Amino acid sequence: MQVENAVKAARRADSLSDVVQAVGEYAAASEKSLQLARLSEIQGLLKNCQEAVAEVYATEAAKEKLEPASAQVAKNQEVERAKAPVQAAVTTASNHEEDFARLTTARKEREKQAKKRRMRKRTKQQERMAKKKATLKLRKLTEHQWRRETQWQFDVYMGTNEAKEEGRQKGGKRRKGNKDLEVQGEVCIIKEKETGVVARR
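Residues 66 to 266 in the numbering used here are what the sequence shown spells out, letter by letter.
Worth flagging that the hints you see were computed from the coordinates, not collected in a lab.
Just so you know, these numbers come straight off a predicted model, no measurement behind them.
Ideal Cβ positions, reconstructed from N, Cα and C, are used throughout, including at glycine.
A few of these clues could be false.
As the list claims (entries may be wrong) - In silico SDA-like cross-links for lysine to any residue, where the CA-CA straight-line distance does not exceed 20 Å:
(1) Lys198 with Lys180
(2) Lys180 with Gln191
(3) Lys181 with Thr169
(4) Lys181 with Gln191
(5) Lys181 with Lys198
To be verified - Label pairs and their in silico Cβ distance ranges:
(6) Asp164 with Arg185: 25 to 35 Å
(7) Lys205 with Thr169: 46 to 56 Å
(8) Lys97 with Val151: 49 to 59 Å
(9) Thr156 with Lys97: 48 to 58 Å
(10) Lys181 with Leu206: 33 to 43 Å
(11) Ala123 with Ala158: 46 to 56 Å
(12) Ala126 with Ala147: 31 to 41 Å
(13) Arg183 with Leu203: 28 to 38 Å
(14) Glu143 with Asp164: 31 to 41 Å
(15) Ala147 with Lys180: 44 to 54 Å
Input sequences plus hints: build the corresponding full structure.
Structure (structure tokens):
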């Protein structure tokens, strides 16, 4: 039918372009008719060939068997596609946990180092305070010892050089400031009036 329509169109063509179009339609219709003829011939051959028919049936059976497998594969693919976001979420959560663990470890390490620094600072402060106290104590002891030594030297000076000498000459007491100097032989006894302390030199 398409070939006949193409021939009629070519006959009615008035211009070259119409003729070319009609020839194209004729060629397409002829190609399709040839394909149909070949298909009919193949079908006729298949009907006459039992082996070909058996092969076709086997192919159809295999196709029917493959359809469930294909459906299962498609289902598995859908499952995999559905699992992909879940797996990505699990991976993201795992990464977050690892990041949190690293941050927690780093924070604990920083706190530990800060605590060590505070302990070292406190220890240094305590050492400085102890050293300062020891220095003050030593200074007080030194000053006290210096005062005692100075007083002793003064007492020896006053008692030995003056009072002792005068005591030897006069054999009595001599009044010196707020002290009574009493010379007894080679020993100079110094009596404090106010405190009543007696020192022997």
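Verification of the hints:
1. For the suggested pair Lys198 and Lys180, the alpha carbons sit about 26 Å apart, so the restraint of at most 20 Å is broken.
2. The hinted pair formed by Lys180 and Gln191 meets the criterion: a straight-line CA distance of about 16 Å does not exceed 20 Å.
3. Proximity of Lys181 to Thr169 is assessed by CA-CA distance (about 18 Å); at most 20 Å being required, the pair is judged to hold.
4. At roughly 15 Å between alpha-carbon atoms, Lys181 and Gln191 fall within 20 Å of each other, so this suggested pair holds.
5. Of the pairs offered as hints, the one joining Lys181 and Lys198 is violated, with about 25 Å between alpha carbons and a cut-off of 20 Å exceeded.
6. Asp164 and Arg185 have their C-beta atoms about 31 Å apart, which keeps the hinted 25 to 35 Å range intact.
7. Between Lys205 and Thr169 the beta carbons are some 53 Å apart, a value that agrees with the proposed interval 46 to 56 Å.
8. In this structure the supplied range 49 to 59 Å holds for Lys97 paired with Val151, their Cβ-Cβ distance being about 52 Å.
9. Distance hint for Thr156 and Lys97: a CB-CB separation of about 56 Å, consistent with the stated range 48 to 58 Å.
10. For Lys181 and Leu206, the hinted distance range of 33 to 43 Å is satisfied, since their beta carbons lie about 37 Å from each other.
11. Distance hint check: the CB atoms of Ala123 and Ala158 are about 51 Å apart, consistent with the given range 46 to 56 Å.
12. Hint check: Ala126 to Ala147, Cβ distance near 32 Å, so the stated range 31 to 41 Å holds.
13. Roughly 30 Å separates the CB atoms of Arg183 and Leu203, a value that falls within the hinted 28 to 38 Å.
14. For the pair Glu143 and Asp164, the supplied restraint of 31 to 41 Å holds, since their beta-carbon distance comes to about 32 Å.
15. The supplied range of 44 to 54 Å is met by Ala147 and Lys180, whose beta-carbon atoms lie about 50 Å from each other.
Hints 1, 5 from the earlier list are contradicted by this structure; the remaining hints agree with it.
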